[in-house]
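Could you build all of it, start to finish, from the sequences and the hints given here?
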Amino acid sequence: MITPKISPKISPKISMDMKMAWRNVWRNPRRTWLTISAICFACMVLIFMLSFQFGSYETMINSSVKINTGHLQIQAKGYFDKKSMRRVIENPDQIKEVISGIDHVEAFTVRANTFSLVSSKYRTYGAMVVGIDPVHEAAVSTLKQLTRVGEFLPNTQEYGGADMVLIGSLLARNLKVGVGDELTILGQGKDGSVAAAILTVCGIYESGIDEFDRNTLHIPIKTFQSIYSMGDAVHEIIINVISLRDVSMVKAQIINSLKNIPQGEALVVMDWDELVPGLTQAIRIDLTMGIIFWFLLVVVVAFSILNTFLMAIFERTREFGVMMAIGTTPKRLVKLLLYESNFMTIVGVGLGIIIGCGITMVFQIYGIDMSGSSEILKQYGMSGRIYPRLSIITAFAGPVLVWLVTVGVALYPAMRIKGLRPIEAMTHI
Amino acid sequence: MPIVEVNGVDKVYQQGDIEIHALKDIHLSIAPGSFAAIAGPSGSGKTTLLNMIGGLDLPDHGDVIVDGCHFSEMNQSQLAELRLNRIGFVFQSYNLIPVLSAVENVEYVMLLQGVEKVERRERAMAMLDEVGLSEKYHNRPSELSGGQQQRVAVARAIVSNPAIVLADEPTANLDSKTGEGLLKIMAAMNEKRNVTFIFSTHDKMVMDYAHRLVLLRDGMIADDEFK
Chain P
50 MITPKISPKI
60 SPKISMDMKM
70 AWRNVWRNPR
80 RTWLTISAIC
90 FACMVLIFML
100 SFQFGSYETM
110 INSSVKINTG
120 HLQIQAKGYF
130 DKKSMRRVIE
140 NPDQIKEVIS
150 GIDHVEAFTV
160 RANTFSLVSS
170 KYRTYGAMVV
180 GIDPVHEAAV
190 STLKQLTRVG
200 EFLPNTQEYG
210 GADMVLIGSL
220 LARNLKVGVG
230 DELTILGQGK
240 DGSVAAAILT
250 VCGIYESGID
260 EFDRNTLHIP
270 IKTFQSIYSM
280 GDAVHEIIIN
290 VISLRDVSMV
300 KAQIINSLKN
310 IPQGEALVVM
320 DWDELVPGLT
330 QAIRIDLTMG
340 IIFWFLLVVV
350 VAFSILNTFL
360 MAIFERTREF
370 GVMMAIGTTP
380 KRLVKLLLYE
390 SNFMTIVGVG
400 LGIIIGCGIT
410 MVFQIYGIDM
420 SGSSEILKQY
430 GMSGRIYPRL
440 SIITAFAGPV
450 LVWLVTVGVA
460 LYPAMRIKGL
470 RPIEAMTHI
Chain A
50 MPIVEVNGVD
60 KVYQQGDIEI
70 HALKDIHLSI
80 APGSFAAIAG
90 PSGSGKTTLL
100 NMIGGLDLPD
110 HGDVIVDGCH
120 FSEMNQSQLA
130 ELRLNRIGFV
140 FQSYNLIPVL
150 SAVENVEYVM
160 LLQGVEKVER
170 RERAMAMLDE
180 VGLSEKYHNR
190 PSELSGGQQQ
200 RVAVARAIVS
210 NPAIVLADEP
220 TANLDSKTGE
230 GLLKIMAAMN
240 EKRNVTFIFS
250 THDKMVMDYA
260 HRLVLLRDGM
270 IADDEFK
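As you go down the protein sequences, you meet chains P and A in turn.
Per my numbering, the first sequence starts with residue 50, numbered consecutively.
Per my numbering, the second sequence starts with residue 50, numbered consecutively.
Honestly, the hints are just simulated from the structure, not real lab data.
It should be emphasised that the depicted structure is a prediction, and the values quoted were computed from it without experimental measurement.
For glycine and all other residues, C-beta sits at the position ideal for the given N, C-alpha and C.
Keep in mind that a hint or two might mislead.
Unchecked claim - Cross-link-like lysine to any residue pairs, in silico, SDA-like; alpha carbons within 25 Å at most:
#1 Lys-271/P / His-185/P
#2 Lys-276/A / Met-256/A
#3 Lys-68/P / Glu-171/A
#4 Lys-68/P / Glu-184/A
#5 Lys-467/P / Asn-134/A
#6 Lys-68/P / Gly-163/A
#7 Lys-68/P / Ala-175/A
#8 Lys-467/P / Leu-133/A
#9 Lys-467/P / Asn-124/A
#10 Lys-68/P / Ile-146/A
#11 Lys-68/P / Glu-165/A
#12 Lys-126/P / Asp-240/P
#13 Lys-380/P / Pro-147/A
#14 Lys-384/P / Pro-147/A
#15 Lys-68/P / Val-167/A
#16 Lys-253/A / Ser-78/A
#17 Lys-271/P / Phe-201/P
#18 Lys-68/P / Ser-142/A
#19 Lys-467/P / Gln-127/A
#20 Lys-226/A / Ser-91/A
#21 Lys-380/P / Gly-468/P
#22 Lys-271/P / Ser-218/P
#23 Lys-68/P / Ser-191/A
#24 Lys-380/P / Asn-124/A
#25 Lys-126/P / Ile-148/P
#26 Lys-467/P / Leu-99/A
#27 Lys-467/P / Ile-146/A
Unchecked claim - Restraint-style ranges between C-beta atoms, simulated for each label pair:
#28 Pro-90/A / Met-464/P: 37 to 43 Å
#29 Gly-92/A / Glu-364/P: 24 to 30 Å
#30 Gly-457/P / Pro-90/A: 48 to 54 Å
So this is what it looks like as structure tokens:
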């Protein structure tokens, strides 16, 4: 039987070296699949871990800022370092007007704080009294949702209730009060006068952050201003932005806008990073641990690749000798081996990205239950579900690292070819 | 002018504390178009001499000159260049590249020479036709018999238009009928293309086909017979 003549035309795009490299990769399919699996697994783990970490940081930041600080705060200069009653924002309405005109601002509210003695029928404790705007506070913080017993503070303008107080669960326990019980507040007003009031507990909140639940109570801002002789002044304007990524942009815009108003000079804009330095430190520690873990994982994969290539070179030394004998330069052989390592890595990394992103996306939709999380996580308000956050960085940073390391590692065995003499290689057993 | 000159070549291998004199003061001159065999018992130095002529190994003393090129004056990359363009190799165990098909194996040397793709494929196919493998272009070495693989190896050695083809015991792994068929192909090419063939062998049939027989014994030329 005579087969028909085959056209001499061949694919112009794939070089014979590439073709050889691809076929060489599949000469030992089991070993190749094992190596590809190691690369793929490393990429999957890196994508998921990185997305999980970034997602948990966002959850930590959002939970923490939504309970208390907000993404941004405007304060009088020096108030953050020394919480003096007299360091106030004198005309908050003017600032509110400025903030209303800035894009990407989700919500904002005002607060005032001071330390006072709080007494029930049975006990007296020192606590931080926080004046809040009940209407706007609900849009900025999770305080309303955290109210477990009774009611959140009412809108005093519509429904009255100016003498209502919302207190933390641990403080309520310490003072032995419940909803409907009376509390006496005794402190010092802004003008130095004695500030005193009798308030009724309308609700009890529980954030999971012990310090917050033990030391704070909230009253309507108007009541606060009245008790503490504040006039219209407040201590903080809390701002939440639409996305964490918008924080620095909005901050810059507020700083610029403040320059155009008379009291702007006396004010500072602080972001969550400055307001909760402990949170940033916790994230840094976690990230460092993550980097150590990634490094170990990549080292394991690198050794797997190194082993594969050393074995491949050992097994094919004789073949390399023949190729050199017929005129292949060592440089061309190195190129061939680098093609092989790249092909294997690309397949592994490609599969790793696809599977890793797929798994991460599933968890991004359904979340990971962290209800049994540790006390440390609770300190940052992470008591519910964590949603990994897949992004271009989390999807590609790990795989690119794996690719760079594996190709780098494959260089070593490939370079050994350079020192090979054809006659020695051909007699290699 | 001879195509191959071997002038006073010595080669000593060290095996532990023992020195093995593989070649001792070899002088040999081979004319273009020869069909010569270097014969001798195992360990006589046949393969060592062939490796010297192929520039795969260098002598301790003396010089090898192929097609006017003095090996003693050349570095490794120049020797590689010479092997690519002027010398073809046929090995005892075929040594085809296992991941390439027959036609790709033949093409590979031309790829190294920088021959353009379409011409490469045309010449490779023509060469396989010449060695009787027109039906096996796309078979991998593992799908070919020993004789067919050796014919591909011959096609690969010839296709680059070398000045000499060095064949190291080319029939050793073949049965006598297949071996003779291969020798006929090589003899025809020698005649048609005037390519110099130099064999190392202890196969009587190869010695019979050869026009010149150089007999080696203990690393020295014991006899040199022109037929």
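Hints versus structure:
1. Lys-271/P / His-185/P: 13 Å, holds
2. Lys-276/A / Met-256/A: Holds: Lys-276/A and Met-256/A sit about 10 Å apart, inside 25 Å.
3. Lys-68/P / Glu-171/A: The hint holds at about 19 Å.
4. Lys-68/P / Glu-184/A: 22 Å, holds
5. Lys-467/P / Asn-134/A: Holds. Lys-467/P to Asn-134/A sits at ~21 Å (cutoff 25 Å).
6. Lys-68/P / Gly-163/A: 17 Å, holds
7. Lys-68/P / Ala-175/A: Distance of about 22 Å is within 25 Å: holds.
8. Lys-467/P / Leu-133/A: 18 Å, holds
9. Lys-467/P / Asn-124/A: Measuring from Cα to Cα gives roughly 15 Å; hence the hint holds.
10. Lys-68/P / Ile-146/A: Satisfied, since the Cα-Cα distance of roughly 12 Å is no more than 25 Å.
11. Lys-68/P / Glu-165/A: Within the cut-off at roughly 17 Å; holds.
12. Lys-126/P / Asp-240/P: 19 Å, holds
13. Lys-380/P / Pro-147/A: 20 Å, holds
14. Lys-384/P / Pro-147/A: Holds, at roughly 18 Å.
15. Lys-68/P / Val-167/A: 17 Å, holds
16. Lys-253/A / Ser-78/A: Between Lys-253/A and Ser-78/A the Cα gap is close to 23 Å, so the pair holds against 25 Å.
17. Lys-271/P / Phe-201/P: Measuring from Cα to Cα gives roughly 16 Å; hence the hint holds.
18. Lys-68/P / Ser-142/A: 24 Å, holds
19. Lys-467/P / Gln-127/A: OK: Lys-467/P and Gln-127/A at ~15 Å, within 25 Å.
20. Lys-226/A / Ser-91/A: Holds, at about 23 Å.
21. Lys-380/P / Gly-468/P: 10 Å, holds
22. Lys-271/P / Ser-218/P: 24 Å, holds
23. Lys-68/P / Ser-191/A: Within the cut-off at roughly 18 Å; holds.
24. Lys-380/P / Asn-124/A: 16 Å, holds
25. Lys-126/P / Ile-148/P: Measuring from Cα to Cα gives roughly 18 Å; hence the hint holds.
26. Lys-467/P / Leu-99/A: 24 Å, holds
27. Lys-467/P / Ile-146/A: 19 Å, holds
28. Pro-90/A / Met-464/P: 37 to 43 Å: 41 Å, holds
29. Gly-92/A / Glu-364/P: 24 to 30 Å: 28 Å, holds
30. Gly-457/P / Pro-90/A: 48 to 54 Å: With Cβ atoms ~51 Å apart, the hint holds.
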